[in-house]
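Residue numbers (the UniProt record's numbering), protein chains in the order written: chain A, 1 to 291; chain B, 1 to 323.
Simulated from the structure, these hints should not be mistaken for lab results. We treat Cβ as the ideally placed atom computed from N, Cα and C, and that holds for glycine. Possibly wrong hints are sitting among the right ones.
What the hints assert, rightly or not - Beta-carbon label-pair distances, calculated as ranges: (1) A:PRO202 x B:PRO294: 51 to 61 Å; (2) A:VAL15 x B:HIS214: 46 to 56 Å; (3) B:GLN302 x A:ASP120: 23 to 33 Å; (4) A:PRO202 x B:HIS214: 48 to 58 Å; (5) A:VAL141 x B:GLY34: 55 to 65 Å; (6) B:GLY34 x A:PHE133: 45 to 55 Å; (7) A:VAL197 x B:ALA76: 31 to 41 Å; (8) A:ASP120 x B:THR28: 36 to 46 Å; (9) A:MET130 x B:ALA137: 46 to 56 Å; (10) A:ARG23 x B:GLU121: 55 to 65 Å.
To be verified - Covered stretches of chain A, as calculated for chain B (at least 3 residues, CB under 8 Å): (11) 160–166; (12) 175–182; (13) 189–195.
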Amino acid sequence: MSAAVSAPEGQLARVWQRFRRHRLALAGAFVVALLMASALFASVFAPQDPTLLDTSLRFVPPFTDWRYPLGTDELGRDTLSRLLHGGQVSLTVGLVAMVTTVLTGALIGIAAGYLGGIADTLLMRFVDTMLCFPQVFLLLVVAAFVPPTLLSISLVIGLTSWMEVSRIVRAEILHLKEQDFVAAARALGASRTRIMVRELLPNAAAPILVAATLKVASAVLMESYISYLGYGVQPPLASWGNMLTNAQGYFDTVPWLAILPGAAITLTVMGFNFLGDGLRDALDPRLRMDP
Amino acid sequence: MAEPLLQVRGLEVHFPIRSAMLRRRIGTVRAVDGVDLEVARGETLALVGESGCGKTTTGKSILRLIEPTGGSIRFAGEEIARHPPARLAPFRRRMQIVFQDPYASLNPRMTVGGILAAPFEIHRIGDAKDRAERVAALLRTVGLPPEAARRYPHEFSGGQRQRIGIARALALEPELVIGDEPVSALDVSIQAQIINLMKRLQAELGLAYIMISHNLAVVSHVADRVAVMYLGRVVETAPREALFFDARHPYTQALLSAVPEPVPGRRRARQVPQGDVPSPANPPPGCHFHPRCPLAIARCAQEAPAPRIVAPGHAVACHLVSP
């Protein structure tokens, strides 16, 4: 009595179908893709060397000189080239920080959620403690001790922003671990590690993915904060944050120097946030169409 | 009688009730409160009772999925109630479980092949190729095509999923399978298929079953012996025929009288116990059933009745039953 089996139906295809209906998310995905491409090929697209000084050509306004499409800054450096290279820095920091955040947050969230008891209490009180400090202060304190490099900035941002992720993951695990498939794994003699990694983690993938996307946006923002405050990416290396710092003195006379990196940050953060929102809607298990 | 495969004595599962703020223990839920059971090799023991009587907790604590707080569990002669996880591992292969809800018991992110290969991975049996063959064989055993291994659980119906759950339970060739209401979540037409599958597998593989159920029609079809639970205790244990035609405990009689009778006029009128089932956090003293029992006497409120043998294999925990 062999039972009929329905044709396989791609789960991914259905996720994509729901994602496609979300216009802003599509726009976000497009912006993110564009930013990634421009950052990846920054040195190809950039018309000039972003660190090349030419004091005879300071404050060229945008769209007036074809060699400097977006004008030049107070030292005569090409703004477009600096934006492109700054984007490379921002996205690198954003992605590395996101990976750090997600790894730390998921690890702590799964351990707290599945092990429960004293481990849960200790880990969650640690999270509460971390959340007591405003992130910017944490960042500045650490940045004062750690020499700023791309990697150290990313790690510092990542290690001060994983708390939300760990709470999301823990909540998800608390719900999942009561399911019978976990009891079945225990009845088979599966180890705790196996249950956490093989049974629970894949089921928490959707909220982790959404949190990861949103974390890129906040890491880009964080990087620009600390670079703006002078503790982040150091000149002459361009970053959107330190471009803003430099533009500060000329805001009333040459506003585009501040507006352009500001717009780049806004666009990136919005792009990732919309993408994250769209993913959340597309992956939300409550909207899942299977029985 | 030869040594039983499983012998449970005085099993207790008590859950603490803690206060919200200080986590002080302010009470105890006696979900399982001194249960004795025996299962022989190859037989089916049905564990019946109302919702909340502790039958599922009993089943899960035998498998140590819920930690028992007291009593003894002997499997094939070895006491396992207090074994640490490492010493429990060999018994995991010999005792398995089929869950009630086939939608919750299969990991939605794993393929059926992954789900069925897990037992072999956990116990380091065979290599990848060998495991794939075993998975295909398991699927055939439960009446599913081997191609099912590539699919995800959500692509199957409830009955098909329950077959997958049964295949997983059989993977390690256990001697005892606990069925926790294995058919109650299925359509009636599918229930018979799954029951027949389980009976066929029992005959082929010599399995012993503990069938947890509240459905006496299912029980009358599959059980060799029946244990009736009320509020954390077994009130009556009997061979199937004796239970259905010669129930002695007032609770069992009330339970049987609630079953729709396919042969009209054969049994006396329904006896409906008064009131609700008391809370297991605050069970009545003496016999747990006495506040609802139509026959209760003063002694029932003071002294918990010990099971007494009224016929071979037929034990009743009631003061009013004489051997």
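Item to check | Which numbered hints fail | outcome: 2, 3, 4, 8, 10, 11
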